[in-house]
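There are 2 protein chains.
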Amino acid sequence: MTASTPLDPGSVTPAAVVAVRHALDGRWSALRDEIRARDDFASLRVAPGTDSETYRDRVWEMLGRLAADGHALHGFPASVGGHGDIGGSVVSFEMLAFADLSLQVKSGVQWGLFGGAIQALGNPEQHARYLPSVMDLSLPGCFGMTETGHGSDVQSVHTTATYDPATDEFVIDTPTESARKDYIGNAARDGRMAALFVQLFTAPAGEEPQRYGVHAILVPLRDEDGTVLPGVEITDDGHKEGLNGVDNGRLAFHGVRVPRENLLDRYGTVAADGSYSSSIESENRRFFTMLGALVRGRISVSGSAVGAAMLALTIAVRYGEVRRQFSAPGGDGEIAILDYLAHQRKLLPLLARTYALRFAQNELVEMLHDIQTTREAGGDVDEKRQRELESRAAGIKALSTWNATEVIQVCREACGGQGYLSENRLGALRTDTDVFTTFEGDNTVLLQLVAKGLISGYADDFGHLDTLGTIRFVADQVLDSVAERTSLHSLAERLRGAAGGDEDEVLDSSWQIKLLDDREEHTLDSLVRRLRPARGKGVGADRAFEIFNNAQDHLLRAARSHLDGLVLDAFNRACESRTDPAARTLMRQVCDLYALSVIEDDKGWFLEHGRISASRAKAVTAEVNRLCQGLRPHARALIDAFGIPESWIGAPIAVGDEARRQDEASAHAHADAGAATS
Amino acid sequence: MTASTPLDPGSVTPAAVVAVRHALDGRWSALRDEIRARDDFASLRVAPGTDSETYRDRVWEMLGRLAADGHALHGFPASVGGHGDIGGSVVSFEMLAFADLSLQVKSGVQWGLFGGAIQALGNPEQHARYLPSVMDLSLPGCFGMTETGHGSDVQSVHTTATYDPATDEFVIDTPTESARKDYIGNAARDGRMAALFVQLFTAPAGEEPQRYGVHAILVPLRDEDGTVLPGVEITDDGHKEGLNGVDNGRLAFHGVRVPRENLLDRYGTVAADGSYSSSIESENRRFFTMLGALVRGRISVSGSAVGAAMLALTIAVRYGEVRRQFSAPGGDGEIAILDYLAHQRKLLPLLARTYALRFAQNELVEMLHDIQTTREAGGDVDEKRQRELESRAAGIKALSTWNATEVIQVCREACGGQGYLSENRLGALRTDTDVFTTFEGDNTVLLQLVAKGLISGYADDFGHLDTLGTIRFVADQVLDSVAERTSLHSLAERLRGAAGGDEDEVLDSSWQIKLLDDREEHTLDSLVRRLRPARGKGVGADRAFEIFNNAQDHLLRAARSHLDGLVLDAFNRACESRTDPAARTLMRQVCDLYALSVIEDDKGWFLEHGRISASRAKAVTAEVNRLCQGLRPHARALIDAFGIPESWIGAPIAVGDEARRQDEASAHAHADAGAATS
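From first to last, the protein sequence lines are chains W and E.
So in UniProt numbering, spot 643 of the first sequence is number 643, and the numbers just go up one at a time.
So in UniProt numbering, spot 17 of the second sequence is number 17, and the numbers just go up one at a time.
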């Protein structure tokens, strides 16, 4: 075909919308429908402008309601009364984004992070002892990893736990002000215990304690009455840009003693005599294994970001259909703003990207579920697959949280002054999700993780290497195979790709995939070549860092290129899985819009590297416009397929009086047509 | 030269920093220094998390302090006791961005919009009667233009003022709910009068009232005690994403009568017998003349956005210098995050763009000042110059407010969790300035104004033409001259530009300018060709709209291309104006970074249109990296040159304990080097 053929509006029947919704819902669609049916869900929202103390009260109360309803049971093992449905726990967490994001994050701290740490790092006795009261909220807790001085580099935290064989206890200390645990959710008000990440020191009696790296340990913070325990110092982080229903605080410890059995010791334990043992010898590897076991938190944040973007798009697209402004010259009424190409260009490529990330997120949750379910059942999980999961979690989390920030911002602007009123929700969606791009891993740092994974080719040693080690490893061992791979793509083949029939191929999905694959491969190849000089034996640390640092933008590009391809693959698979022809055609067009937007956004690279011709680059832009216009009549169907219940949307401009008033304004404009625009 | 030569850190002396500051300060640097010396300025900030009612109280109280200090006097004419310093009024408004943005916007509503409307649209008697009490705040007022149903298209407002010759009064009515004045600052609580924009109806007694288009009229809202007057209906817009110290509300009028003399009648008046007269015959032209007289508001918002971006960059760059994370492999300490290329790439091109916009804004303020001062003195202002002012105001406002949104967001992310804490100010800066992109003109609509101005070539008839008229006008009258201009640039000349010596020219500012000029010209030429089919006599309104709408992205691109060139020119002029060699060299490098970032961001277009070769495109990217690294040691000097007094910065991570703690963390990291990263 030479250009996209707009779908006849009549062909997108309610059944087709349901089919698209099922695709978006993915494997846990039944659970999603169950949650959608909750008639009290909208009441979980807190009114805008509520002061922080009241907001925290309300969130605490609502968290109790969720606990009473068994909301927390999904992800915990059957052995302690949970449902053992790991994917379901991510999905049910994500759905809370439609209620109140403070409530969501607070629930994530309690059940995902605090409970999750006990589940992932603790032993069966600890599961039995703590998890029931974590689930029913009788033991509210914190996840104490980040410190004031160490956020991204959590392997370098300074809090210490030193074993004292004389009393069979660990002594917890915060050596400096910058070693305070910081931004800790549940700390400022409600938390009674923390899963604390500390540098572990121990030795048999009489010997000098040795450091064994980062471990997690349970440390009580408050007693049953909420009184802070001796030696514990808690300060409130104060007002934040968003999420003010969550009580973030700073924790410091001064000689706090906890029993030895409080160490979450699945990956490393201390005997009564102070001797240390672990199934994983390398400290580095042990640390990354523990982090890997906690990957669910990152994947949950990613899901929440996709949900927030879906809600913002639902509001902005609905408003764009009723809001009218300016008359066509000589026309007889005002034009709906979504009929302007500029408005379509703002919203529809972002809608397409949000579809794409939804599908990539669904695959990620399935992968997490399958891997962790296998492991919980005692099965073996291939280490490569675990690393692939961690890499995808890092990458998809970065893309989906940046996507949310951009989508919500654009939606706010697309709704003008109305978008600025809190009742229309976009402001709080933006401020509450803003921190997603830097918590659970700073996005830029996460993309570097992805890239390092790529250049080390998922070799067994990954995770054991620091930056310099990675560079040297790559240079020594991977370079040859990369060089081999490159030679497969001759110049002739590249030119063929670049010179094709311009417009007729841009809608060919195999061309789109090939283009993204080619970019990924070239970017990675050239990155490895660029890092090569760091391998020389005479190269000092400063020079090696300089080589690495000079290529940092290249490294980030390699990660993004890889992820774009991975996301497109997920979208294509989702299209293929549909049997309803209208649903499939519609999704295919949204997928084309996604793929061509990615290509358009980076067309400088594709042109610069001879991957597309100038005329094809222009054809891509023209086709993006055509797709926007062709999808315009289906914009409502596309957001209806998100399946956000009417009562959850909340924004008056999208569902209430304001939407009605816009229609009224339009009616008046028709009546007065011409009066003001002579 | 083949690549930028990094400036020796020692060469950027305090005197050089002062020289750069003077360049940034522009013509009103003395006034800026005067305001900087205010020792109470920091106390004008309101604590984060303050509830809306208290916040409004505090802002009202602080506004009173500003009034008592004579803050409002700058912009008002000497005839009523003001200083008659129009540029100074914009600059002093802008400086309030460093205190509290709610206070700034509230002051802008009172003195800029309400007072400005009386000043620009009223007669000398009205000036004498109202302006003194506007300045001293004894008459708080509103600017009632936007309606619920009409924001961008204010020519179509529905509120009416109908003259009743029997009583010599106007009767004000809000015919529908969508005709309510909406988002009106000062309305919900404090305003006692509104400058209301209405459709004016009048006729000599006995005849049917005729509509004469939009006019402004003063309508009392509340009595001296603050009681709302009969027939006036005021509702509170409620909580907003930001600016909650400003009392925005909705106004509706039901048969409210005001004396005839309340009409602000500089551009159109009604005699006692109901006959209408105006010096401007065309209703359309009259409307745009009135809007043009109000252009100061848009320019003030633009200045405020530049100020907000400067503050955010000051905070993020200072934090980037003290915050350290990760050790270099084999190195002996943690690395300041601003030493990472990825971090420089985030902040420094935005710093360069903010410099560029500061210079463009300075020129805009000078132009406004010169034009309006001439006019107030009774002098003649060339209509082309007035239109040029309006076009620049629209365009620079769009660029600088979008810049602020992006800069503050990136700075927030660059400061991680600290950036999310309200005490560090980035959250409120973001939410308070967010609405800037859609108030005082929606940015997308403003860019269309710019583009329409370009394609009509500032011909005398501009302003009289609706969209279709503009298209036809262009097609008929401008096409020939455009075609002529295009032929001057032969293909050979273009290829010469594209094929040059790759790396050696990218730092040549004449090459940079030529490239941007060339893009502007080509974009405009091709746009006009694309719109040509709309000129046919047989072309109906629907088809003409379709042609226009299909080219809307092209239209926006034309506007942006034009503005990029204009901003670069302003930066180059600012560099040329410096005599201090280090200051000049430093500014030159920042200017190169700005120009090359613009080219890099749009390199797809330059490649697609054969304006640069692939190797030069790569050279541009390489040079952007080199400039980032070369400017890194001067980052602090570059933000110091913004001249934001220490006590105004406020954010603890940039000036207070937190900055100290980061240094401490760094010291500890040095001491422990290697401990945690074996």
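Derived by calculation from the structure, the hints in this document are not laboratory data.
Misleading hints may appear alongside valid ones.
One copy or two, either will do: identical chains are not told apart, so a pair holds if it fits within one copy or between any two.
What the hints assert, rightly or not - In silico PhoX-like cross-links for lysine-lysine, where the CA-CA straight-line distance does not exceed 25 Å: (1) Lys618 <-> Lys452; (2) Lys514 <-> Lys452; (3) Lys346 <-> Lys618; (4) Lys452 <-> Lys346.
Right, here's what the structure says about each hint:
Taking identical chains as interchangeable, the C-alpha atoms of Lys618 and Lys452 lie at most 25 Å apart only when they sit on different chains, with a minimum of 24 Å there against 34 Å within one chain. Within a single copy, Lys514 and Lys452 get their C-alpha atoms as close as 23 Å, which meets the 25 Å cut-off; across copies the closest is 40 Å, which misses it. Taking identical chains as interchangeable, the C-alpha atoms of Lys346 and Lys618 lie at most 25 Å apart only when both belong to the same chain, with a minimum of 19 Å there against 29 Å between chains. For the homomeric pair Lys452 and Lys346, the shortest alpha-carbon distance between copies (20 Å) is at most 25 Å, but the shortest distance inside one copy (33 Å) is not.
The structure shown violates none of the earlier numbered hints.
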